[in-house]
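Asker: What follows is the residue order along each chain.
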Amino acid sequence: MPKLFSGAEIVFKCLEDQKVEHIFGYPGGAVLPIYDELKNHPSIKHILVRHEQGAGHAAEGYARSTGKPGVVLVTSGPGATNVVTALTDAYMDSVPLVCISGQVPTHLIGTDAFQECDTTGITRPCTKHNWLVKNINDLPRIMHEAFEVATTGRPGPVLVDIPKDIQFAKAKYFKPKKKIKLKEKSLNIFKQSDIDQLVDLMKKASRPVFYTGGGVINSGPKASELLRELVSITGFPITSTLQGLGAYPGDDNQFLGMLGMHGTYEANNVMHDCDLLINIGARFDDRITGKIDEFSPKSKKVHIDIDPSSINKIVKVDLSIVGDVSDVIRSTTKTLKKKNLNLEKSNKQKISKWWQQIQKWRTKQSLNFVNSDKIIKPQHAVQRLYELTKNQDTYITTEVGQHQMWAAQHYKFNKPNRWMTSGGLGTMGYGLPAAVGVQVAHPEKLVVDIAGEASILMNIQEMSTAVQYNLPVKIFILNNQYMGMVRQWQELLHEKNYSESYSKALPDFVKLAEAYGCVGIRAEDPDELDEKIEEMINTDGPVIFDCHVDQDENCFPMIPSGKPHNQMLLGPKDQEENKITGKGKALV
Amino acid sequence: MTKSKSAYSTPSKLGKIDTHIIVVWVDNEASVLSRVVGLFSGRGYNIESLAVAEVDQKNNLSRITIVTTGTPQVIEQIVLQLKKLVPVHKVGNFKRDDKKVIFKEMALLKIVANHGKIKKALNACKKYNPVILDQTNKSAVIQITALRREIDKVTKNLKPFGLVSASRTGAVAMTRGAEVFN
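Protein sequence lines correspond, in order, to chains Z and R. As numbered in my numbering, residues 1 to 588 make up the first sequence, in order. As numbered in my numbering, residues 1 to 182 make up the second sequence, in order.
A hint or two may mislead.
What the hints assert, rightly or not - Under the rule of at most 20 Å between Cα atoms (straight-line distance), these lysine-lysine pairs were calculated in the PhoX-like manner:
| # | chain 1 | residue 1 | chain 2 | residue 2 |
| --- | --- | --- | --- | --- |
| 1 | R | 83 | Z | 313 |
| 2 | R | 153 | R | 127 |
| 3 | Z | 338 | Z | 191 |
| 4 | R | 16 | Z | 316 |
What the hints assert, rightly or not - Label-pair distances were calculated between CB atoms; the ranges are:
| # | chain 1 | residue 1 | chain 2 | residue 2 | range |
| --- | --- | --- | --- | --- | --- |
| 5 | Z | 118 | R | 155 | 34 to 42 Å |
| 6 | Z | 138 | R | 16 | 43 to 51 Å |
| 7 | R | 127 | Z | 165 | 55 to 63 Å |
Honestly, the hints are just simulated from the structure, not real lab data. Where a beta carbon is used, it is the ideal one built from N, C-alpha and C, also for glycine.
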C-alpha cells in the first residue's frame, strides 16, 4: 500500500520536486493547512509580505532576476483578488509565476461563503491557465502541469485554486514522468529555409536594424550572448525595447539606446528609415510603434518570436520565424558564417553610409537636458546613481512613470536579468516588492528601486517585509511631488490643467524610513548628491532615499502624439518649433 | 478626427470583414467553454453563433463551432489565440462561402393556428427538411435544418401562419467528401 499524503503535503512535495526555494505569501483561513505544513519543509523558505499584490510583484522580481518561476501563496477571497494586479502584470510582461490560492471547502463553493470568490473565474483572463482542484487525486498532476505551463513557450502566470477540504484530503503522490500535451503549444517550428531567407535579407540590406525585446531575456542568458555575437559579426545597429534592456550592453557603440515613445532620436529614426527591420522577441507594442500607418514604411520586416499569436498581430511582417530566440539566433549565426566567411568586412562596407547617417542623428544628443547647480535634475540623479553603482553588479527595479523612463534612458545595463520594470501593464507600486523579490534571490547584490514618490506609496507597506528579512533594498525616490508623467501629459495635452496630479500631503520619507526601522536619507542640493548616494550604497540594510528633484522637468525625447518615429519632440528648445496639433492629441 | 484626448492611437482603416466558421476541438472539462468565449469577449471578437457538444466520450473531447466575423488579420488572431489555450487540441477555420464545407443550423418552430394555416406553414418550409415533432388540433412543432439566412427568412414568412416561438441552434460544420480536417 503506497503512502498517502494530504493535499497540503502534496503541494510541498511538488514544490520540492520543482526545486522551489522561496515562496512569497500571506496566510489566511482557507490556506491554513498549507501553512501548517510549511514547518516540515526546511528547504523552502516563505517570505511573508504585507499585501498579496506585494507577494505577486516580489515573485515577479524573483523570477525576472533568476529566470526561475516565482511562487505565490495566498488565501481565498481578498487574498486572491489582491494578487490579480500582479498576475495581470506578469501576463503582460511574460513572467513565469505559479500562484497557489486557498479556496473555501468544496461543499461551500457557490454559496457566497466567508472569503469566497470565483478565483478561477476572476483570474482566467490574466493567467495562461488556471485550475480549480476538485479531486485530491488530480492535485499532483495539476501542480506539475502548472509549472510546465508557466515556464514553457512564452512564459506567464498560472493559478492553482485548492479548496480547504482538498488540502486535508489524502492521496498518493506521483511525479509525472513525461511531459505530455503541452508539446504542441510551444515548439520551435521554424525551418532552415526560414533562416536562409533571413540571411538572404540580411545580405541584401543596406539600412538594417535589430529591434530586440524581452523575449531575448526570457530565452535565458545564453540568448544574450548569442545576440551579442550576431550583432558583432553583422555590424548592424541594434535598439531595444524597455523590457529588452540588458540583453545587449547599453554602453556599446552599436547600441542606439531604447526606442519608442521615450526612446532616443537615433533609435527611432533608424526604425523609420531602415530597409530591414529584424524584430527579435519583441511585440510591436503601441508605445513602440507610434502611428501604425507610418511605422517603418520602407522596410522589410522580420519577426522572431516564440508565440505564434504575436506575429502579424499589430504589424504585418514579410518573414516570420516562430521559435525560441536562442535557437533562432544560433542557427542564423551558423548559417551566416557558413555562407559568408568574410561577412564582417563586406557587411560593414555595405552599411557604412547607414552608420554615417546614424552618427548624424546621434549628434542631436537627444537624452541631453539642461543641468542645474541649484536644484537636482532627475536625469542627473539617475546618471549619478549609474556612475556610482556601475562598478558592481547592480539590479534595478522601477515603479511606473517619468522616473521609470529616465531610469531606462540614463542607466546603462550590461547584463540581462538586471532590469525589472512593469512595461506592459504599467503598474505603479511594482518596484518595491519586485526589489524585495530580487534581493531574496540575490542577497549579496546591490538592489535599487528607482521610484517616484507617488508610485512608492502604492506598496510602501513592503518596507516592513524588507526590514523583517534584512533585505537591504535601496529605494531611490525621485521626488517631484507630482505624478510626473500625468503632469507631463496634462501640460502637453490638457492646457496645464493639473487635475489631481499633485500630492499635497506627502509623508516625510526620512521619518517614514525610521518608522519602519530602516535608514532615511534626503538629498536636496546637487552638491550633496554624490556623497549621499555613496552613503546609501554603504548603508547595511534597507534605505529610503528621498531625492528632491525639479518639479517641472519633463521626460524627453518623446514621440509626440499622432506623429511617426521620425518626428520626435526633443528638449524644451525644440518644443517651441514643434507644437502638437489638435489632431495629435489623441495619440499620446 | 474629433478632439478626443485618449492616451492611445486612433484606429486605422478596417480591412474587409468576412464571416468565418471556427471549429475548436477541446477537452471536455469544467470551464473550457468559458475560456473560449472569454477569449472572444476579452479580445473584442464577435460571436454570431455558438454550438457545442461532446463528440468523443472515450477521449473526452468536445467540438465547439463558432460563427464569427472579422478582418483577415482578426480571423488569423482568433485561430492563433485559440491554439494557445491549454485545453484546445486543434482549430479549424473555414470561410462562410467555402464550397467544400457544409454548414447547417437547426430550428424548432412552434405554430399555433388552425389546420389550414399549419399546412401552409409546413409548405413554406418544405425546402428545409421539415419534420413534424408534435401536432395537436391547433398547434404543431416543426423541425427544420437550413442555413442561418434561410431560417431567418422562414421565420419571417411563418409569422402570418401562426408562428409563436422559434428555438434555434448555432451552426455546425462538416467538410465534404472523404477528407477529414486535421
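Asker: Verify the CB-CB distance for residue 127 of chain R and residue 165 of chain Z against the hinted window 55 to 63 Å.
Answerer: With Cβ atoms ~57 Å apart, the hint holds.
Asker: Does the structure keep residue 83 of chain R and residue 313 of chain Z at a Cα separation of 20 Å or less?
Answerer: holds, 15 Å
Asker: Starting from the hint 34 to 42 Å, judge whether the C-beta atoms of residue 118 of chain Z and residue 155 of chain R obey it.
Answerer: holds, 37 Å
Asker: Between residue 138 of chain Z and residue 16 of chain R, is the Cβ distance one that fits in 43 to 51 Å?
Answerer: Since the Cβ atoms of residue 138 of chain Z and residue 16 of chain R sit about 46 Å apart, the hinted range of 43 to 51 Å holds.
Asker: Verify the proposed pairing of residue 16 of chain R with residue 316 of chain Z, using a straight-line Cα cut of 20 Å.
Answerer: Holds, at roughly 16 Å.
Asker: Compare the distance between the alpha carbons of residue 153 of chain R and residue 127 of chain R with 20 Å, and conclude whether the hinted pair is satisfied.
Answerer: holds, 12 Å
Asker: Does the alpha-carbon distance linking residue 338 of chain Z and residue 191 of chain Z stay inside the 20 Å limit?
Answerer: holds, 17 Å
No hint from the list above goes unmet by this structure.
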